[in-house]
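Residue numbers (our numbering), protein chains in the order written: chain A, 1 to 331; chain B, 1 to 331; chain C, 1 to 331; chain D, 1 to 331.
Treat the hints as calculated values from the structure; they're not laboratory data.
Careful, some of the hints might be misleading.
The list makes no distinction among identical chains, and a pair is therefore deemed to hold if it is satisfied within one copy or across any two copies.
[As the list claims (entries may be wrong)] The calculated DSS-like cross-link candidates involving lysine-lysine, where the alpha carbons are at most 25 Å apart (straight line), are:
1. Lys91 with Lys140
2. Lys140 with Lys36
3. Lys36 with Lys48
4 protein chains.
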Amino acid sequence: MASLTDFRRVADGVRNWGRWGAADELGTLNFITPAKVSAAAGLVRHGKVFPLGIDFGSNGPQGAFQFRQNPVHVMTVDGGDARTLVEYGPKWLSNTVGQELSSFFDGAQNPFRFNDDMIIMPLQAATQWDALSHVYYEDKLYNGFPADSVTSLGAFHCGIDKVDSKGITSRGVLLDLVRHRKADTYLAPGAPITPEELDEVVAAQGVTVGSGDIVLIHTGWQARYLETGDRGESYSGLDWLCAPWLHEREVAAVAADNLMVEDPTSGVDGTFLPMHMLCLRDMGLMLGEYWDLTALAADCAADGAYEFQLVAPPLRVIGAVGSPINPIAIK
Amino acid sequence: MASLTDFRRVADGVRNWGRWGAADELGTLNFITPAKVSAAAGLVRHGKVFPLGIDFGSNGPQGAFQFRQNPVHVMTVDGGDARTLVEYGPKWLSNTVGQELSSFFDGAQNPFRFNDDMIIMPLQAATQWDALSHVYYEDKLYNGFPADSVTSLGAFHCGIDKVDSKGITSRGVLLDLVRHRKADTYLAPGAPITPEELDEVVAAQGVTVGSGDIVLIHTGWQARYLETGDRGESYSGLDWLCAPWLHEREVAAVAADNLMVEDPTSGVDGTFLPMHMLCLRDMGLMLGEYWDLTALAADCAADGAYEFQLVAPPLRVIGAVGSPINPIAIK
Amino acid sequence: MASLTDFRRVADGVRNWGRWGAADELGTLNFITPAKVSAAAGLVRHGKVFPLGIDFGSNGPQGAFQFRQNPVHVMTVDGGDARTLVEYGPKWLSNTVGQELSSFFDGAQNPFRFNDDMIIMPLQAATQWDALSHVYYEDKLYNGFPADSVTSLGAFHCGIDKVDSKGITSRGVLLDLVRHRKADTYLAPGAPITPEELDEVVAAQGVTVGSGDIVLIHTGWQARYLETGDRGESYSGLDWLCAPWLHEREVAAVAADNLMVEDPTSGVDGTFLPMHMLCLRDMGLMLGEYWDLTALAADCAADGAYEFQLVAPPLRVIGAVGSPINPIAIK
Amino acid sequence: MASLTDFRRVADGVRNWGRWGAADELGTLNFITPAKVSAAAGLVRHGKVFPLGIDFGSNGPQGAFQFRQNPVHVMTVDGGDARTLVEYGPKWLSNTVGQELSSFFDGAQNPFRFNDDMIIMPLQAATQWDALSHVYYEDKLYNGFPADSVTSLGAFHCGIDKVDSKGITSRGVLLDLVRHRKADTYLAPGAPITPEELDEVVAAQGVTVGSGDIVLIHTGWQARYLETGDRGESYSGLDWLCAPWLHEREVAAVAADNLMVEDPTSGVDGTFLPMHMLCLRDMGLMLGEYWDLTALAADCAADGAYEFQLVAPPLRVIGAVGSPINPIAIK
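With the rest of the complex left out, here is chain A:
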């Protein structure tokens, strides 16, 4: 394992602080120029659409950790209320929401009804973007913003609401590690993906990775999870030394179909999530997790086209350190 000293040397090499000004909160999304956005749209040839979001609900992948739960979806008005809410609501003086809702249904002749609902969820419970404020070390977020600017009220700096001006849309490139390793369903745990292997995949697929691209790493974890239902299912991901590889190519963002993009076994002695630190905090490069790449990877393998228009807009949750999303690839 590498040491913190090794880590700091790598971090010094990839750090983008100040590159786009002292006030920048976009990080490597700055690589996505209008020309890039336009070129990405130009990749659409057949009008095929691939939603990459997984299910938000009780069958989601949370469960291995206690601090994140699957989304809880509850109905505040539903089809079972059609007849009786209108009877009880108006009489219910201590239930002012009940009175309000039943008043909408009121009237002897009024057949019109509606359903409504609510969600309670960790913002990173399912398919998501990590905001740049998600991780930090030595009291600094990306671009040197103080880590204690993230209070109980949220992230004053580098919240997810600071990046949606970019869409987020660009050229997406899928790197299919499952296919490259000829794996059955997914990459078995214990074999981190190295920068050299990324180069091999790029070459084998005959695709390029360049400035402003969003790179999608297909590891097969989602397919595996759907087979086994094991929320603690381990996996292989990117070796933390892939961060310089992404840096050199001016990649705008990277996403994978597993819990944390990076490999749980590679790393820096005595720490955790070193690639998160390099990407989010030093480079200002956002990570996407739990993206479902199964159908997209199959289509890319079928037609040999591993590039597409990608659109993955985060919700503008003020001060959030992540956002649930449903990214769309269009070919």
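We have chain A already, so just place chains B, C and D on it with the hints.
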């Protein structure tokens, strides 16, 4: 005001049940063909991106009704925990989440930290799509699915999770009613937008509205709300008889920058939300609400181009009758 | 196993509908007279207090079922915000809660700060009362109220808010089945507690059970759970035919230290929770679950006094079908 | 207005740090001895029960501040699901909670059903206890515990879970300021209750206030709120200099029927909540807020008995800085 009998006649004229098969849950999104998706991408010329989502948080527009609240965003780990969580967590036997979280930060040499958060919100609290299961009458949802299939567990039929296969992406067309009426900021209440006025706007803008388009109605309500902060601020919206206009043109979906797209004063005697009923339940046409069209409208007015690629993917919340979104227009 | 026909015969024998009038929503709490309340207070001799509530939080017993989760406790202001919230809050125009909270801390000289928090929980996640509206069959709640009066807005009839006028306080009687069976920690699964065994325990303990009493059944499950941490740990509870035993003695309520008071293996063919149905729906007798009886049972064994003043006030959650509580026994 | 220097002098005079040992987290609840508990029970004469909790729900008093909302109560299974959940649940593979719940209802002959629910609420949304960790200054909680021991995970020290061993039960004494001032419904704003006035009320009522008592201050705010529905309705409360008065008498806790017990207009220049600081942080004396004293005050006025057994058990929410309660007075 119109009568329920009038309403039923109109409803009979626009109903799409069975048009795409008895099992269909996509409704008018069926008008969005691969060719349409591809052509929409072809509208991108300059790489200009317009996110249409409003803020999700305490400054949101909820407040006039009790049954929906603004999103509540809470931090489960934040920058204030960097030093002390690692001290108290391990000792806290009755707080297993505390133990788990502090264990990540553990180690004398480990400087790495993360922030995490949660959201609690009505799914239609801010910028959103109504799912087809949002409204109903006479015990039937769109395509005749039984209304009581929407239980406390959510919508078994016509949930928002049934439509993300469409992206949702298509050609977007903005109709700028604020500009057409030469209004200051927004359309003052009491003057519903008629089908005839839509025709006038289409002609004045020199744009077409056709099969598979997603139509955006700029009424200026968001701009007005940001000026006044009045969550109960009234407005003008589409007269309910715009539903046949949308039906004839095979529009795929319609969205506006106000609470409910349709005008609160037009309507059917003794009922509410008649256009919702026609669109969602009879036509299978989704409504988008609280979209922020201010910047997009300004750009369209500036360059005269009122069409663009629109991408508005809903979260795959299983059984939800609506979804928070951040729609993106690309020109 | 018994049949539904058997069940109906028993139900007919214990049903209290109309006994206290057609509008009654108190059920067997009616047995608690002012004289009973007063006599219960008279049982206090030493001023010893036994709180019977378990922990509400991440180490709670939920986990075996998906529809109930452990309480999620989140801080909305905490000790980590003391210095920096006051710096960022005022500048944060899109975070109106942040502005509000920081304004409380404002002022160069003001050292005063506060913490605040929130909870998200199933009302029956931990120590709780079942309201009479918690279960039903054949479309009727207790006293014949229609089951569909429980809408998405809550229970119009027999909500937990209807019973707090009773305190709820009365004489409590602990029946120590663990001691009676000479079990190590808890009653192993598969041996339901019969009415005959209740009689034996009453006799052995030299205690009486009479009108208006609240009976606590010590099965040792909480102690077992704290030992093993196994949320799915099975247990023995009351045979469903204990309902008539409670009925004959005019017991006001019954509680235990396990998930559902009643035994999971006894019962009625093809159904579940028959004792719940008899108690809550037919008799109007509330059930208390997940009460921690370990310390109280030890004290009763030590001094031979199995009776005490019991006070267990439910929160007045309007229309709730259960309430979290922290019951107190005073000896 | 007083200065911070004045405040510090008062604080030095009432501070109980170390009085019950360096590890103490009970504060003035230590004044409640077993003899006191026993004597309090001895005050019960007629078996009259007064629940002091207000409604938890949409008609609650929250609304004046943004950082606290009224409790949101949602049903996770209700009476409208009786028939159809069993039909849709088993088929709904992506909704594992739906499958689980419907499985309970399964079986052609099974008529048994249940309702279940959830709550989302600030812990101090309605009738509540402030835990000693609720406020602090100069980086110290009660007894000198560090303020930063309150992390995003809750209060490691002085959480509400640390005090339920006391019941909380003792002798309660109601001081009826509404009656004393001959006010119509409530104490109009702008006239703080002084220590001298407390002495007058004590004398006029012919009651004593002594060691271990819990003092209830009737200001009439709840009655006023129920009349006007105005959540921002102002009020008079205790002048902050009542803290020494409570200190001298060794009062165990104090509660009122308004938002914050203390008067909003009295105070210390440039600060807020000075009495909270003195009581919670310096004395270790808990405050109860939003207690409904209307019926209890009327009864005390009628029979002239202003003392009673009080039982007010907090929920054992691990690390919470407050707890919802339903306090019970028994006479």
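Right, here's what the structure says about each hint:
1. Proximity of Lys91 and Lys140 under a CA criterion of 25 Å is satisfied inter-copy only: 20 Å between copies versus 56 Å inside one chain copy.
2. For a Cα distance limit of 25 Å, the shortest separation of Lys140 from Lys36 qualifies neither inside one copy, at 31 Å, nor across copies, at 46 Å.
3. For the homomeric pair Lys36 and Lys48, the shortest alpha-carbon distances inside one copy (20 Å) and between copies (10 Å) are both at most 25 Å.
When each numbered hint is compared with the structure, a violation occurs for hint 2 only.
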